[in-house]
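A.B. asks: Chain residues, written in single-letter form:
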Amino acid sequence: AQTVTQSQPEMSVQEAETVTLSCTYDTSESDYYLFWYKQPPSRQMILVIRQEAYKQQNATENRFSVNFQKAAKSFSLKISDSQLGDAAMYFCAYRSGSGNTGKLIFGQGTTLQVKP
Amino acid sequence: EAQVTQNPRYLITVTGKKLTVTCSQNMNHEYMSWYRQDPGLGLRQIYYSMNVEVTDKGDVPEGYKVSRKEKRNFPLILESPSPNQTSLYFCASTALGTGPNTEAFFGQGTRLTVV
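From first to last, the protein sequence lines stand for chains A and B. Residue 116 in the working numbering is what sits at position 116 of the first sequence, and the numbering runs on without skipping anything. Residue 67 in the working numbering is what sits at position 67 of the second sequence, and the numbering runs on without skipping anything.
Rather than coming from a laboratory, the hints here were simulated on the basis of the structure. Every value quoted in this text rests on a predicted model; they were computed, and no experiment measured them. Positions of the beta carbon are idealized from the N, C-alpha and C atoms, including for glycine. There's no promise every hint is true.
[Stated by the list, open to error] Lysine to aspartate or glutamate pairs mimicking DMTMM-like chemistry, simulated, CA-CA at most 25 Å apart: (1) Lys103/A <-> Asp59/B; (2) Lys73/A <-> Asp31/A; (3) Lys103/A <-> Glu1/B; (4) Lys57/B <-> Glu29/A.
[Claimed, not checked] Each pair of labels, with its calculated beta carbon distance range: (5) Thr60/A <-> Lys17/B: 45 to 51 Å; (6) Thr60/A <-> Leu88/B: 46 to 52 Å; (7) Gly99/A <-> Ile77/B: 25 to 31 Å; (8) Pro39/B <-> Pro116/A: 24 to 30 Å; (9) Asn58/A <-> Thr113/B: 40 to 46 Å; (10) Ser74/A <-> Val54/B: 32 to 38 Å; (11) Ala2/B <-> Gly85/A: 20 to 26 Å; (12) Thr5/A <-> Thr15/B: 31 to 37 Å; (13) Ser80/B <-> Leu84/A: 42 to 48 Å; (14) Thr113/B <-> Glu10/A: 23 to 29 Å; (15) Thr60/A <-> Leu96/B: 24 to 30 Å; (16) Ser67/B <-> Asn62/A: 37 to 43 Å.
Looking at chain A on its own, in the form it has when it is part of the complex (with noise of 0.2 Å):
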C-alpha cells in the first residue's frame, strides 16, 4: 500500500523569505501524480501544483515549484518570497497513475506560519 509522510507538522518563515516543505513517500509503481494542496483557514483544499512521475522536470508555478526526486521518493514544495497569505495548512498527496481511480492518499500535513 502506498504510503505519504509529512515528517514537519509546523514550520515558520519571515515574510519575504524562502521556505521548505518536506513530502516522502511510499510506493512500488512508477506511474503516479503527487500533489501539493493548501488548506487556509476557511478550509478550502486548494491545488498548489502537481507533478507526474514521469516527468524529469520539477513543476513550477509562480512562487511555488518542487523538488521531486523519484529514487529517494522524495517531493518538497519550495516556496519563494513568502507572503502572508500563504499562512495554511499543507497537505502532500499521492494519486495513482493507473487512470481507473481518483483516490488521494495524504501526509498528515504541515502548518505554515508566516511572520511579518
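Keeping the supplied structure of chain A fixed, place chain B upon it in accordance with the hints.
C.D. replies: Leaving out everything else, chain B in the frame of chain A:
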C-alpha cells in the same frame, strides 16, 4: 463554474441521531469520494464511488454509509453517529483517466461535532 457543493458546513448533533451530509458536483465526474480530516492524520478516504450504483469502502468506512443513485450526488450517511466521528469531512470529485484534467475538486468541508 466547476464546483462541488457540500452541505451543511457546520453540524452539531447528538449521539445516535441519524444525519446526512449532501454532496453534489456539476462536472459529470465518474469518481466521487468522502474523506475525513483529523489532526495529525491528514485526510483519509471513507467511501468512494466509481459511477452510479457502484460504491466501495475506503480506508475508514466503519459507521458510515453512502449511496450513488445519480451521477452528480453522493451523500454521506451516519445512521448512528458517535463522538469518535467528530471530524472535518470533505467530498471530492474526480474525472477518471490520465492526463492533466484529472485533478480532484473538493467541497467546502463539513465540520461535524457529535456530543
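A.B. asks: Are there hints from earlier that the structure breaks, and if so, what are their numbers?
C.D. replies: 6
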